[in-house]
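*Asks:* Here the protein sequences come in this chain order: A and B.
Heads up, the final residue of the first sequence is numbered 568 in this note's numbering, and it's a clean run with no missing numbers.
Heads up, the final residue of the second sequence is numbered 568 in this note's numbering, and it's a clean run with no missing numbers.
Think of the hints as simulated: they come from the structure by calculation, not from any bench.
All values reported here derive from a predicted model rather than from experimental measurement.
Heads up, a few of these hints could be off.
As the list makes no split between identical chains, a pair holds if one copy fits it or if it spans any two.
Unchecked claim - Listed below are the simulated DSS-like cross-link pairs for lysine-lysine, each with C-alpha atoms no more than 30 Å apart in a straight line:
| # | residue 1 | residue 2 |
| --- | --- | --- |
| 1 | 450 | 489 |
| 2 | 414 | 544 |
| 3 | 351 | 489 |
| 4 | 450 | 544 |
| 5 | 540 | 460 |
| 6 | 414 | 447 |
| 7 | 293 | 205 |
| 8 | 447 | 324 |
| 9 | 414 | 205 |
| 10 | 205 | 544 |
| 11 | 351 | 414 |
| 12 | 450 | 205 |
| 13 | 293 | 544 |
| 14 | 205 | 278 |
In case you want the letters, here they are:
Protein chains: 2
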Amino acid sequence: MKIVLDAMGGDHAPGVVIDGAVLAAREFPGIEIVLVGQEEIIRTELARHDTTGLPLSIVHASEVVEMEEHTEAVKRKRDSSMRVGMRLVKDGRAGAFVSAGNSGGVMAAALFDLGRIRGIKRPALATVYPAAPTPILLLDMGANTDPKPEYLVQFARMGTTYVERMWGLSNPRVGIVSNGEEADKGNILVRETYPLLQASGLNFIGNVEGKDVTRGMADVVVTDGFTGNVMVKLSEGLVSFLVKYLKAELTGGTLNKAGLLLMVPGALAMIPGLLLLIPTLRRIAKRMDYAEYGGAPLLGVDGVVIIAHGRSNAKAIKNAVRVAKEAVESSMITAIKDGLKRLSVVEKSAPPPGAEAPGSAAEAC
Amino acid sequence: MKIVLDAMGGDHAPGVVIDGAVLAAREFPGIEIVLVGQEEIIRTELARHDTTGLPLSIVHASEVVEMEEHTEAVKRKRDSSMRVGMRLVKDGRAGAFVSAGNSGGVMAAALFDLGRIRGIKRPALATVYPAAPTPILLLDMGANTDPKPEYLVQFARMGTTYVERMWGLSNPRVGIVSNGEEADKGNILVRETYPLLQASGLNFIGNVEGKDVTRGMADVVVTDGFTGNVMVKLSEGLVSFLVKYLKAELTGGTLNKAGLLLMVPGALAMIPGLLLLIPTLRRIAKRMDYAEYGGAPLLGVDGVVIIAHGRSNAKAIKNAVRVAKEAVESSMITAIKDGLKRLSVVEKSAPPPGAEAPGSAAEAC
């Protein structure tokens with residue numbers, strides 16, 4: 204199975220992308236990684252590693268979509284790594300596309316070259332929200348800031364299929380983000396979507412409030428891309444604030460410094476006990492590390508597309524490749540198409556050709 | 204100065220409300236607390252305390268708005284503690300109204316009996332968001348799930364006045380919650396509001412993402428009531444999840460239990476150092492304790508109304524009374540009215556009488 208990796212996408216590209224490619228090529232049997240981008244640069248980066256015998260190949264793409272560039276630039280740059288990579292998937296020469304480039308750019312490229320799955324109104328960017336008793340698939344997180352109710356129903360359907368196939372959950376619980384639990388709560392979008400989800404045949408459990416998300420009340424949580432984006436970035440910011448704040452407060456001031464110094468002998472005496480906790484501490488760190496989740500699937504385009512975090516390290520890139528591999532192995536796209544057929548609210552009429560629909564690409568954030 | 208306290212409102216009413224009233228009456232000079240509610244019940248609760256000489260009085264109200272009751276019930280229950288209390292403020296017999304009852308109910312009562320400030324389209328519920336380098340005033344957090352752009356500009360204006368008067372900040376920075384920093388990011392509402400805020404004469408710094416809120420990039424952060432509500436409840440849920448998760452992980456399993464046991468001697472040896480950290484630990488706990496912030500001001504109604512958390516304890520009730528006292532002392536309502544006059548986008552035509560506008564009360568969540 205060939206997996207395309209966008210060598211030019213990401214805050215730390217191409218260096219860490221190549222590092223991640225090498226890790227993935229070593230660790231996952233049965234895949235070949237196709238590095239797409241400026242060949243000379245890729246070769247230079249690869250030269251830092253011993254790649255003898257590793258299933259790595261290069262496809263040259265002369266242009267680069269920068270981190271702040273969106274739809275217009277992607278449309279123009281037909282020979283960018285994003286667009287060349289997408290066409291490899293479109294033409295059946297690769298099974299999946301992985302990029303840590305800007306999500307708006309990747310989405311635009313996917314819409315231009317792969318197009319949407321027949322019947323899908325809008326693609327959705329799904330992310331794994333880790334701060335709950337079991338991980339949650341949250342979508343949309345930025346692709347559609349002002350979706351229509353039927354988009355959200357499709358997101359719920361696609362999210363359900365994804366979680367069933369990738370996480371092995373059967374009949375996962377679907378919730379919609381709202382400002383109250385009762386059925387009459389929500390903004391206009393939520394109140395209009397609610398009855399559609401009830402009639403969707405999905406395992407819809409109703410409205411979930413912010414606190415319900417972290418309680419794990421649903422496995423698949425749908426929301427508009429504006430709210431989803433704010434939720435994810437606020438959560439990241441809050442954890443980061445708490446760590447920084449506690450550190451600054453506890454290590455600032457003479458009294459605290461003296462206190463911490465006085466605690467050193469005790470802390471040393473705690474080491475034997477602490478050693479026993481290491482497996483648990485490792486598990487906690489792993490659970491909370493975004494790099495373990497390997498990126499967000501772009502659901503609804505006609506091919507496996509995984510968008511890794513812009514600030515991905517090599518491990519995150521490697522895990523994004525793993526997620527792409529698993530999505531291909533589980534026939535994700537076929538499963539999503541099958542799932543859509545079971546969704547009563549999908550319109551049966553043919554959609555406008557997704558690849559060229561300017562509205563869709565323009566809406567990409 | 205008389206402050207009305209809704210004795211019947213809150214998850215733990217009337218017990219903790221009376222406890223909080225007694226604390227406030229003892230601590231804050233110059234105020235008289237008017238307990239509104241069912242007189243016999245209030246007298247029974249007061250009998251648990253020594254109230255000799257304390258400035259506490261009772262005004263009987265026969266009806267109670269339950270925690271799940273909203274606009275319709277509030278409209279019908281003209282002799283509820285909420286409505287009787289609001290009329291005391293309306294008639295100038297008290298300076299402020301404080302309740303830990305359900306926010307939708309309090310808002311409806313405020314709209315029925317106090318009405319909106321002339322020119323204000325919709326009131327907003329403002330809350331102190333503590334997880335940032337300096338506290339942030341976040342509004343709206345649930346009053347308006349689908350506001351119009353001009354409402355958000357008024358929220359920004361009222362929030363600015365509140366922060367200037369209550370926190371002593373001059374020319375506070377105003378941001379609008381968005382899914383990206385750039386001016387073209389946001390949902391339709393945000394993109395339409397952005398230029399109005401730029402032209403408002405306020406210290407508008409632009410879009411703030413979820414992570415920017417926790418970085419303290421703005422002092423006043425405006426958003427629609429849907430997003431605001433999700434942000435606050437998600438933050439509460441996330442902190443609660445982290446605490447529970449770490450505790451469960453670290454104390455579960457034989458190995459961890461043995462490890463923790465082995466750490467006891469070391470932990471004991473750390474006590475002297477820990478003692479020096481106590482002032483800091485206290486400050487952290489205080490900073491993160493919702494009860495310290497004393498409730499959310501309902502801005503835009505024609506009187507000081509403070510809504511305390513439904514699960515308020517006595518300390519939270521006491522602090523809500525303090526916030527009400529400070530709002531009265533700083534002539535908050537007059538200041539908001541003055542601030543509105545300086546806002547270029549306010550329509551000059553007379554608004555429909557706020558007190559009876561069914562749309563406003565119906566929208567209360």
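*Asks:* Does each hint fit the structure? Answer for all of them.
*Replies:* Right, here's what the structure says about each hint:
1. Taking identical chains as interchangeable, the C-alpha atoms of residue 450 and residue 489 lie at most 30 Å apart whether they share a chain (21 Å) or sit on different chains (16 Å).
2. For a Cα distance limit of 30 Å, the shortest separation of residue 414 from residue 544 qualifies neither inside one copy, at 33 Å, nor across copies, at 39 Å.
3. For a Cα distance limit of 30 Å, the shortest separation of residue 351 from residue 489 qualifies neither inside one copy, at 36 Å, nor across copies, at 43 Å.
4. Proximity of residue 450 to residue 544 under the C-alpha cut-off of 30 Å is found in neither arrangement, the shortest distances being 52 Å within a copy and 44 Å between copies.
5. Within a single copy, residue 540 and residue 460 get their C-alpha atoms no closer than 60 Å, and across copies no closer than 49 Å, so neither meets the 30 Å cut-off.
6. Taking the shortest alpha-carbon separations for residue 414 and residue 447, both the intra-copy value of 23 Å and the inter-copy value of 13 Å come in at or below 30 Å.
7. Proximity of residue 293 to residue 205 under the C-alpha cut-off of 30 Å is restricted to the intra-copy arrangement: shortest distance 13 Å within a copy versus 72 Å between copies.
8. For the identical chains of this complex, residue 447 and residue 324 are neighbours neither inside a copy (42 Å) nor across copies (40 Å), given an alpha-carbon limit of 30 Å.
9. In the homo-oligomer, the alpha carbons of residue 414 and residue 205 never lie at most 30 Å apart, since the shortest distance is 41 Å inside one protomer and 36 Å across protomers.
10. Taking the shortest alpha-carbon separations for residue 205 and residue 544, only the intra-copy value of 28 Å comes in at or below 30 Å, while the best inter-copy value is 65 Å.
11. Taking identical chains as interchangeable, the C-alpha atoms of residue 351 and residue 414 lie at most 30 Å apart whether they share a chain (25 Å) or sit on different chains (27 Å).
12. In the homo-oligomer, the alpha carbons of residue 450 and residue 205 never lie at most 30 Å apart, since the shortest distance is 45 Å inside one protomer and 43 Å across protomers.
13. Proximity of residue 293 to residue 544 under the C-alpha cut-off of 30 Å is restricted to the intra-copy arrangement: shortest distance 22 Å within a copy versus 59 Å between copies.
14. Taking CA atoms no more than 30 Å apart as the test, residue 205 paired with residue 278 passes inside one copy only; the shortest distance there is 25 Å, against 66 Å between copies.
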